[in-house]
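Engineer: Each chain is listed here by its residues.
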Amino acid sequence: MSSTSEKFLVGIFDDEDILLHGVEGVRGKGVKIHEVYSPFPVHGLDEALGYKRTRLPIAAFLFGLTGTILAVTMQFWMLGFDWPMIIGGKNFVSLPPFIPVIFELTVLLSALGMVATFLIVSDMKAL
Amino acid sequence: MQATSSVRETLITGGKTVRDVSEDISRHVENKPNRLWWIAFGFSLILFGFGFYCLAALLWDGIGLWGLNKTVGWAWDITNFVWWVGIGHAGTLISAILLLFRQKWRMSINRAAEAMTIFAVICAATFPLAHMGRLWLGFYWALPLPNTWGSLWVNFNSPLLWDVFAISTYFTVSLVFWYIGLIPDFAVIRDRATRMGHKTRAAIYNALSFGWDGAAKTWMRYESVALILAGLSTPLVLSVHTIVSFDFATSIVPGWHTTIFPPYFVAGAIFSGFAMVLTLLIVTRKVFKLEDYITIYHIELMNIIIIITGSIVGIAYITEFFVAWYGMVPAEFYAFYNRATGPYWWAYWSMMTCNVISPQLFWFKKIRTNIAATFVLSIIVNIGMWFERFVIIVTSIHRDYLPSSWSMFYPTIYDMGEYIFTFGLFFTAFFLFAKFFPVINMAEVKSIIKSSSEQKH
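Here the protein sequences come in this chain order: G and A.
Here our numbering is used: the first residue of the first sequence is 1, the next is one more, and so on.
Here our numbering is used: the first residue of the second sequence is 1001, the next is one more, and so on.
Do not rely on the hints blindly, as some may be mistaken.
[Said to hold, decoys possible] Below, a sample of chain G positions facing chain A; criterion: calculated Cβ distance under 7 Å:
1) His-34
2) Pro-41
3) Asp-46
4) Val-72
5) Phe-81
6) Ile-86
7) Leu-108
8) Ile-120
[To be verified] DMTMM-like mimics (lysine to aspartate or glutamate), calculated; alpha carbons at most 20 Å apart, straight line:
9) A/Lys-1365 / A/Glu-1009
10) G/Lys-125 / A/Glu-1223
11) G/Lys-125 / A/Asp-1213
[Unchecked claim] Partner residues aside, some chain G positions facing chain A, computed with beta carbon under 8 Å:
12) Tyr-51
13) Met-78
14) Asp-82
15) Phe-92
16) Glu-104
17) Leu-112
18) Phe-118
19) Leu-119
Please keep in mind that the hints were generated in silico from the structure rather than gathered at the bench.
The beta-carbon is built from N, C-alpha and C at its ideal position, and this holds for glycine as well.
If we strip away everything but chain G, and leave its shape as in the complex, we get (with noise of 0.2 Å):
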C-alpha cells in the first residue's frame, strides 16, 4: 500500500443486471474498478467495464497461417523434391489431393496456438 488515503469498496451481487448497472454507475461517477469476478459469463461486461476487444482472433489467424505454410512447404519438398516417387501415374506435385492435409494442419495449429495463447495472456497454469 503505497498510501493510507486509498480506499477499497468490495461488491457483492447476487444478479448480474443489478451487477451489470452497478458497474456502469460506478465507473460513470469516474471510480476506478480494480476486478470483478463471476461464476459465468455476463454479456456486456466486457463492454461496461471499458475492455478493449481481445486480439485472440488475430493470433489465432497467425497460428492458422503458420499450419497452411507448413503444410504447403512439407508436402511440396517431401513428395516434390526430397523424394520423388511416381504414384499411379500421376505428377510428383499437384495441389488437388494436398488439400485435405492443408486444411487440417491449418486448422490444428490455429486452435492449439490460441489456446496456448489464451493460458499464456490469462496467465493459467496447472501449477
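For this one, chain G is given, so just place chain A on it according to the hints.
Structural biologist: Frame of chain G; chain A shown alone:
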C-alpha cells in the same frame, strides 16, 4: 439485454437457482458413486478385459486371427472404425455448430456429448492401429517422420493418410474445446472443496482448472476462444467424415466409387451421433436425477435432428440405387442389385428398416416425447448405422469382377472381441467421466438460468 420468449419452452425446469445448478451438478463429483454406477462400471470393465485379451492375441499372432480373406480384405475393422467415427460427430456438432446458431438448448447436453465424441474417436482409432499389425512401427507409416528408409516419406496422395490427419486433428481440437469448457466448472468444484475443507480435492481440481479465477477479462477472452474454436470446428467436423468417405469414394470399386458419399456420410454420422447421445443421456439423466436440466424438450429437439438426418440418409440410399441403374454401368448396377438381393440381403434390409423407416416414427409427437420409445429407437438407429457401413464395405467387395474369387465374410471371435473391446473402453471412459467430471456445463447453464428457467424474478 435478455429477452424471454413466450413461444420457446423453458430449457431448465424445476425453478432452479444459480446455486442449485452448482449443487445438483457438483454433487455427483463430490459424493461416492451409488451401487448402480458400480454395477455398470464393473460390467464395462469386464467387456474391456475380455476385449483386451482378444486385442493382445491379435497383436501377438497377427491379423490372420480376423476372418478376412483375399476377397474381403476390409470388413468389421473398417466397419467399426467408420461407425465409431460417425458416433464421434455429434459432440462437436452440438458444441460448435449449435453455438454458432445460438441454440441455447445445446448447453445442457454439450459436455456429455463432447466427452462421448472424444471416447468414440479413441475407439475408432484402435481399428486402423490394430489393422497395421505391427503397431509399434505404425508411426512411420502414418506420420511424415524422418526414418531410415532414406527418407521415404508418407504418400500425401492417399485418402488413408488424409484420414490420419483428419482424425488426429479432430481428436485434438475436440479435446481442447471440451477441456476449455471444463475449466470454469473445475474451478467451481475446487471452490466448493476449499469451503468443505477437502484439501486434496481442492488441489487436484485447482490444477485441472489451471487456477481459474473468473475475472471479467478472462471471461471475455474465454468467450472469444470458444467462439473461434466453434468456427474452426464447424468445417472440421464436416471435413472428418468427408475424408473418411474418401477412403471409399476415391477408389474404383463399384459401390464405393460414388460422388454422393461425402454429404451422405456426414448426414449419417450426425444421425448416429445424435442417437448415441440420446442413448447415453437418457441413462445419465435418470441415474444422476438430471431431469430438470435435460428435459423432454431437449430430447424432442434431438429427435427432430434424427428425423432430418435420417431422411437425408434415406434419400441418399435411394439416389445411390437410382444412379446405379441410370448410369448403365453393369458392374456398378450389379454391386447394388447384389446388395439388396444377394447373400447379404438381410444386412441391407436391416439397414433400410433401422435407418430409413424407424426414425420416421418421430414424426409423431407422442413418440418423440416418449423416453422409452426414444431410448429403443436410438439404439435401433445405431444398429442400422452399423449395418450401413457393413453393407457398403463388405457387399461391394465380396463379389468383384472375377466370379471365381467371390467369397463371403465370416467374423471370428477376435473380430467380435475387438468390437467388444471398444465398447468396454467407451463405457469405462464414459462412467469415469460421469463420476469425476461435471456432466453438465454449469457456467453455461447458469448464464441462461434467468432467461430460460421457471425461476421467479
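Engineer: For each hint, tell me whether it holds in the structure or not.
Structural biologist: Hints versus structure:
For G/His-34, the suggested interface contact is broken, since its CB lies about 10 Å from the closest CB of chain A, more than 7 Å. At a threshold of 7 Å, the smallest CB-CB gap from G/Pro-41 to chain A is about 4 Å, leaving the interface hint in force. Here the hint on G/Asp-46 is kept, as its CB sits about 4 Å from the closest CB of chain A, short of 7 Å. At a threshold of 7 Å, the smallest CB-CB gap from G/Val-72 to chain A is about 11 Å, leaving the interface hint violated.
For the restraint placing G/Phe-81 at the interface with chain A, the shortest Cβ-Cβ distance is roughly 11 Å, beyond the 7 Å limit, so the hint is violated. Violation of the interface hint for G/Ile-86 is found here, the shortest Cβ-Cβ separation to chain A being roughly 11 Å, above the 7 Å cut-off. The interface hint given for G/Leu-108 is met, as the beta carbon of that residue sits about 4 Å from the closest beta carbon of chain A, less than 7 Å. The interface hint given for G/Ile-120 is broken, as the beta carbon of that residue sits about 11 Å from the closest beta carbon of chain A, more than 7 Å.
For the hint pairing A/Lys-1365 with A/Glu-1009, the CA-to-CA distance comes to about 15 Å; that is within 20 Å, so the pair holds. Taking the CA atoms of G/Lys-125 and A/Glu-1223, the gap is about 19 Å. The hint holds against a cut of 20 Å. Distance check on the hinted pair: G/Lys-125 and A/Asp-1213 sit about 11 Å apart at the alpha-carbon level, within 20 Å; holds. Annotation: interface hint on G/Tyr-51 holds; nearest CB of chain A at approximately 6 Å, less than 8 Å.
At its closest, the beta carbon of G/Met-78 sits 4 Å from a beta carbon of chain A; the interface hint therefore holds under the 8 Å criterion. Against a cut-off of 8 Å between C-beta atoms, the interface hint on G/Asp-82 holds, since the closest Cβ of chain A lies about 7 Å away. With a cut of 8 Å, the hint placing G/Phe-92 at the interface with chain A is violated, because the nearest CB-to-CB distance is about 10 Å. A distance limit of 8 Å between C-beta atoms decides the matter here; for G/Glu-104 the minimum to chain A is near 4 Å, and the interface restraint holds.
The interface hint given for G/Leu-112 holds, since its Cβ lies 7 Å from the closest Cβ of chain A, which is under the 8 Å cut-off. For the restraint placing G/Phe-118 at the interface with chain A, the shortest Cβ-Cβ distance is roughly 5 Å, inside the 8 Å limit, so the hint holds. Taken as an interface hint, G/Leu-119 checks out: its beta carbon lies about 6 Å from the nearest beta carbon of chain A, inside 8 Å.
Consistency with the previously given hints fails for numbers 1, 4, 5, 6, 8, 15, ordered from lowest to highest.
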